[in-house]
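Colleague: Assemble the complex: chain B is given as a structure, and chain D must be docked to it using the hints.
Same order as they appear, the protein sequences are chains B and D.
The first sequence begins at 1 in my numbering and counts up one residue at a time.
The second sequence begins at 1 in my numbering and counts up one residue at a time.
Straight-line Cα separation of at most 20 Å, SDA-like style, residue types lysine to any residue; simulated pairs:
1) B:K672 - B:S594
2) D:K80 - B:V61
3) D:K80 - B:L35
4) D:K80 - B:R69
5) D:K22 - D:K80
6) D:K80 - B:I27
7) B:K672 - B:R614
8) D:K80 - B:R39
9) D:K80 - B:R25
10) B:K93 - B:Q402
11) D:K80 - B:D70
12) D:K80 - B:D26
13) B:K93 - B:E380
14) D:K80 - B:A32
15) D:K80 - B:L31
16) D:K80 - D:R26
17) B:K384 - B:A87
18) D:K80 - B:D66
19) D:K22 - D:R47
20) D:K22 - D:L87
21) D:K80 - D:I34
22) B:K672 - B:W661
23) D:K80 - B:R67
24) D:K80 - B:A16
25) D:K80 - B:F58
26) D:K80 - B:D28
27) D:K80 - B:F33
28) B:K672 - B:V597
29) D:K80 - B:A40
Treat the hints as calculated values from the structure; they're not laboratory data.
The model shown is predicted, which means the values in this text are computed figures rather than measured ones.
Chain by chain, the residues:
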Amino acid sequence: MRGLHDLIGVWRRLAALIRRRRIARDIDDELAFHLAMRRADLAQDGAADPDRAARQQFGNVALLRDRTRDMWTFPSVESIVQDARFAVRTLIKAPGFTLVAAFALAVGIGANTAIFSLVDAVLVRGLPYADADRLVVLIGNVRRQTVERRGGSFPDYLDWRDQAASYEAMAAYTGSTTTVTSGSGDAERITIEAVSAPYFDVLGVAAGAGRTFRRDEDAVEGRDAVVVLGHGLWQRRFGGDAGVIGRTITLGTQPYEVVGVMPAGFTGLTDQAELWVPFTMSSLSGYALAQRGNRGLQVIARLRPGVTTDQAAAEMASISARLEAEYPDTNEARGVEVAPLPALTFGQIQPAVLALMVAVAFVLLIACANVANLLIGRSELRQKEIAVRTALGAGRARLLRQLVTESCVLAVIGAGLGLALASVALNLLVASTPLTLPTYVHPGLSLRVLAFTTGVALACGLLLGVAPALHARGGRISEALKDSARGSSGAAAQRLRGVLVVVEVSLAVILLVGAGMMIRTVSNLSAIDPGYDIERVLTLNVSVPRQQPAADAAPDGPPPPFVTPPRDLIARLEALPGVTAASLSSDYPLSGNSSAVFYAAEGDDTTAAGTRPRAYVHRVTPGFFETLGIPLEQGRPFLESELTPDAIAVIVSAGVVQRFWPGQNAVGKRVKLGSLAAATPWLSIVGVVPEVRFRGLPENPTSDPDLYFPYVDRGVQAVMVRTAVPPESVTALVSAEIRLESPDIVVYDVSTMATLVDAQTAQQRFTTWLMGVFAGVALLLSIVGIYGVMSYLVAQRSREFGIRLALGAGRAGIIRLVLAHGARLIAVGLAIGTVAAVGLSRLLEALVFRVTVADASAAGAVALLALVAIAACLAPALRATRVEPVVALRND
Amino acid sequence: MGDKARPTGELMPGTLDMLILKTLTRGALHGYGIAQHIQRASDDVLRVEEGALYPALHRLEVRGWLRAEWGTSEHNRRAKFYRLSVLGRRELARESDYWDRVASAVTRVMQAT
Numbered sequence: 001m002r003g004l005h006d007l008i009g010v011w012r013r014l015a016a017l018i019r020r021r022r023i024a025r026d027i028d029d030e031l032a033f034h035l036a037m038r039r040a041d042l043a044q045d046g047a048a049d050p051d052r053a054a055r056q057q058f059g060n061v062a063l064l065r066d067r068t069r070d071m072w073t074f075p076s077v078e079s080i081v082q083d084a085r086f087a088v089r090t091l092i093k094a095p096g097f098t099l100v101a102a103f104a105l106a107v108g109i110g111a112n113t114a115i116f117s118l119v120d121a122v123l124v125r126g127l128p129y130a131d132a133d134r135l136v137v138l139i140g141n142v143r144r145q146t147v148e149r150r151g152g153s154f155p156d157y158l159d160w161r162d163q164a165a166s167y168e169a170m171a172a173y174t175g176s177t178t179t180v181t182s183g184s185g186d187a188e189r190i191t192i193e194a195v196s197a198p199y200f201d202v203l204g205v206a207a208g209a210g211r212t213f214r215r216d217e218d219a220v221e222g223r224d225a226v227v228v229l230g231h232g233l234w235q236r237r238f239g240g241d242a243g244v245i246g247r248t249i250t251l252g253t254q255p256y257e258v259v260g261v262m263p264a265g266f267t268g269l270t271d272q273a274e275l276w277v278p279f280t281m282s283s284l285s286g287y288a289l290a291q292r293g294n295r296g297l298q299v300i301a302r303l304r305p306g307v308t309t310d311q312a313a314a315e316m317a318s319i320s321a322r323l324e325a326e327y328p329d330t331n332e333a334r335g336v337e338v339a340p341l342p343a344l345t346f347g348q349i350q351p352a353v354l355a356l357m358v359a360v361a362f363v364l365l366i367a368c369a370n371v372a373n374l375l376i377g378r379s380e381l382r383q384k385e386i387a388v389r390t391a392l393g394a395g396r397a398r399l400l401r402q403l404v405t406e407s408c409v410l411a412v413i414g415a416g417l418g419l420a421l422a423s424v425a426l427n428l429l430v431a432s433t434p435l436t437l438p439t440y441v442h443p444g445l446s447l448r449v450l451a452f453t454t455g456v457a458l459a460c461g462l463l464l465g466v467a468p469a470l471h472a473r474g475g476r477i478s479e480a481l482k483d484s485a486r487g488s489s490g491a492a493a494q495r496l497r498g499v500l501v502v503v504e505v506s507l508a509v510i511l512l513v514g515a516g517m518m519i520r521t522v523s524n525l526s527a528i529d530p531g532y533d534i535e536r537v538l539t540l541n542v543s544v545p546r547q548q549p550a551a552d553a554a555p556d557g558p559p560p561p562f563v564t565p566p567r568d569l570i571a572r573l574e575a576l577p578g579v580t581a582a583s584l585s586s587d588y589p590l591s592g593n594s595s596a597v598f599y600a601a602e603g604d605d606t607t608a609a610g611t612r613p614r615a616y617v618h619r620v621t622p623g624f625f626e627t628l629g630i631p632l633e634q635g636r637p638f639l640e641s642e643l644t645p646d647a648i649a650v651i652v653s654a655g656v657v658q659r660f661w662p663g664q665n666a667v668g669k670r671v672k673l674g675s676l677a678a679a680t681p682w683l684s685i686v687g688v689v690p691e692v693r694f695r696g697l698p699e700n701p702t703s704d705p706d707l708y709f710p711y712v713d714r715g716v717q718a719v720m721v722r723t724a725v726p727p728e729s730v731t732a733l734v735s736a737e738i739r740l741e742s743p744d745i746v747v748y749d750v751s752t753m754a755t756l757v758d759a760q761t762a763q764q765r766f767t768t769w770l771m772g773v774f775a776g777v778a779l780l781l782s783i784v785g786i787y788g789v790m791s792y793l794v795a796q797r798s799r800e801f802g803i804r805l806a807l808g809a810g811r812a813g814i815i816r817l818v819l820a821h822g823a824r825l826i827a828v829g830l831a832i833g834t835v836a837a838v839g840l841s842r843l844l845e846a847l848v849f850r851v852t853v854a855d856a857s858a859a860g861a862v863a864l865l866a867l868v869a870i871a872a873c874l875a876p877a878l879r880a881t882r883v884e885p886v887v888a889l890r891n892d
Numbered sequence: 001m002g003d004k005a006r007p008t009g010e011l012m013p014g015t016l017d018m019l020i021l022k023t024l025t026r027g028a029l030h031g032y033g034i035a036q037h038i039q040r041a042s043d044d045v046l047r048v049e050e051g052a053l054y055p056a057l058h059r060l061e062v063r064g065w066l067r068a069e070w071g072t073s074e075h076n077r078r079a080k081f082y083r084l085s086v087l088g089r090r091e092l093a094r095e096s097d098y099w100d101r102v103a104s105a106v107t108r109v110m111q112a113t
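Only chain B is shown next, with the shape it has when bound in the complex:
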C-alpha cells in the first residue's frame, strides 16, 4: 500500500514540526560523525592533510544539511504556488471537464455556504447581547393536565427578585402598543415595552444617547413619566435630533419626558419595541400591577457567573413553594420554569436549520461523487502522462501532491462560483422566506462563513485528490506504459465507480424521502380545518382615541366619548363594495392577543388549580361568527341589544358543554367569571359554537375552551371584513373608510386570515421548499452520475458486446445485460439509502406533522428514484447494442 507510506510521511513531518531543533541538531551530529570517520580513514591511509581532504570530498556541508532537513518539512509556499499554476494550466487544457466539475462543486458548496450562513446567524451568532448564554427567561407555570406555561405577576416578580440569589439582575417586561402623536407625521400606533428599571442592565445594553431608567423609576406606580426612545422612532419622528432628550412627548393623551435614545438595532426582547416606559406607568400597558393572580408579565434574568440553569431552577422551586404556602389562593400549583433565552428564541427554527444543513451536506457529497467519477476518468486518460513523468523521476508523493493540488484548485474554483451562487441564493432566501427571523439576524457571508466555505472546499479537494490516487495506486510504471494506449482500467477502478453510484443513489434516496415527508407534512397541515373559513377575510386592528376631555370636566367623571363610536364602523364597512360582512372584536384567531380567565359553571365547585375551569375570553359583535364562517351548534348569535357592558348573555364553545352538560342543550345554563363564590353576575348561555383553532395551528397550545361575550366599545379593537373579492384588494378602501372621521384613528396589523394561517406553518413550508430544491438537485446530480458511470462501463465493455453481437447475441440480451448491471448498483444504493433514511428521519421529528417515514411518500421517493435511475442506464444500454462488431474488435 503506497498510500500508507504517504500517510506515515505526512504524520512524521507534522510531528517533526514540534521537534525542529532536535532534528536539526541530530543532522549536524550525524554529518559531523561522518566527517570524523572519513578523516580517520584518510589518516589511516596516510593522507597528507586528512582534515582538508575529508572536507573536500564532503562538498558543501551547509547545502547538504539543508537538503537533509528538507526531508522533514512540507513543501514551501513557492513550490505549492508552482504546483497550483501547473494545475490551472492543466485544467484550462480540459475546459469541458473543468466547467462541469467546477459547476457541480459550485452547486454543492454554494448550497452549503447559504445554509451555513443561516446556521451562523441563528445558532452561532445568535442573540445580540453580551454573554447571552447567561440570560434566562423565568416563565411562571401551572401544573394542570400538563405543566402549562403562563407568565409572572408583578408581586410574584418582586418576590422572585428579592428572594433569589442565582441572578445578577432580574427584570419584568411586557409588550404593548400606544399611539404617538408627537414629532413629525400622522398619529402612529407603535409597539412599546413596559419594563422594570433593571431591564437594560440585564440585557447589558446601554443608551446610545441620554440614559436608560434609574433604579428608582419603577418604584412608585404612576410617578415617573419618563420614556426611552428606540433608534428608528427617534429617526423617523424626531429627525434624529439629540435635543429631543429632556423634551416632553405625548403618548395616548399623557405627557412623558424623553430621557434617552437606544442605539440602532435594539428592539427589545419583543423584537418590535420602539419605545420603553417604566413598568409602573401601567396606564400604558393597561396592566393591573397589584394583583398577584394577574400573570401576563415576562421576566428575564441574568444568571450569576457559574450558576447553572438547574441550580437556578431548584432555587425557584423552593421560592415557589414558599409563595404557594403564603398565597394559596393565587399560587396553588404554581411553579417557575428557568428557560435559557437562546434556546427559547431559536429553539423553533433550530430543527429546520439543522435538517437543512444535513441535506446540503448530502448534496455536496453527491456532487463530489460525480466529480470524483470525472477525475477517475481523467486520470485514466492521463495514465500515459503520469507514467512518463514517473519514468522521468517524479516521485509518487510528488505525483499525489500534483493530483491533490489539481483537485484543490478545482474545488477552489467551485467554491468561488459557489460563493457567488450562495450570495444570490441567500438574498432570495431571506427575501422570500416565510419564516419570521428576528430583526437582528442577518444571514450573510461573514468571515466565519468564508472560513467554513474555504474549509469545505479544501476538504473536497483532498477527498477528490485521493480518488484518482486510489485508482492509480495499483499500477506500476511499466504496466501503465504498456496498456495506456487503450486506456482500460483494472477491476479496482470499476469497483470504485460502482461504489460512487451506490453512494449517490443512497444519498439521493435519503434526501428524497426527507423531502417527501416534508411535502406530506405541508399537505397534512393545509388539510387541517381550523374551524373557521380562512378565505376572503381581511383582519386589522384599529385604535380609536377618545376626544379631548372638556376643560371643566371633573377629573373622576365619565371618560370622554370616542372620536367616533367604533360600533358605527360596521355599518359603514359593510356598505363598501366587495365587503359582505364585518365584525368588531377584542381579538381575532391567531392574532396572539387572546387572554384567559377562570370561570365557574353552575353546580360545579372545582377550585383546584390543576383542574379549575379556565377559558379564553373574546368580546364580539353579532356578525363575528358569520364573518368567520363559524356555525352555531346551539342557540343564536348575540343580539344588537345585548352589546352593553352589563349584558348577561354568553356564547360558549363546545368544550364547555362537553365538560359540564354533555349531551344536553346548554342554552339557558349559567356560568360566571371567577369562582362559584365570586360576586360576579351569573351569565346565561345563549349559543354554542364548535371548538376552533383560535390560538394556534395545528392545535391550540392548551385545550381550554372559549367564552364569547357581547362586544362593548373599546379604544382598541380587532376588525374583520369578509369580502366577495380578494381581501387584499379592499385594504386601502377599508382603511380610508375607518380613518374618514378622524386622522387620529390608527389602522395597524393589516393582514388576511389566510396569511395568518400560513404564518403558523411557515417553518414547515420553508423547510419543505428548500428540501424539495435540494432533493431535486440531488436527483439531477445522481442521474448525471449514474449516466456517466454506465456510459463508461458500456464503453469499457464495447469489445465484449461486439463479440457477443458477432456471435449472434440479440440486442435485447445486451440491453438486459447493461440494465442488470446498473440495476444491481441502484438496488444496493436504494437499500442502503432507505435504511439510512429511516435512521435519519428522526432529524425531522420536530418538523413533520402526522407523517412517518413508512408513509407512501417515502415509498414514492424510492420508486421515483429507481425509475429515473434505470432510465439513466437506458441510453448507455441502447448504445451498447449499436456497437459495430468489426469496429469494436479493431479498436485495439
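Modeller: Using the frame of chain B, we list chain D on its own:
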C-alpha cells in the same frame, strides 16, 4: 521534497534507495557504514556521494521504511544507526523484484543482435 536529491553520476536514478534498503538487511548501520558497504560490495564501482546519501536516508526514515536510533560506534563515538522496518523490507522486495525484471530486460536488449 527530496526528489531533486537524486544521486548523480554513478548510480542510476532510483537505485540508491534500493541499495540502502538492501545494505540494511545485514543489520543496523550508520550512514558512513552504509556508504562504505555499498562501495566495497560493488568492488569500488559504485560510490555513494554524501550529498545524496543523507537526504535519501532521511527520506526513507520519514516514509517509515527505516527506523533510526542513536548508539555508539565501533570507535566509541555517538552515531545514528539505521534499521530496516517491516514496511522497508516489503518495499525492498518490491524494488528488487522490479530491478530484476528491468535489468534482465535491458540485458536482453543489449545482447540481442
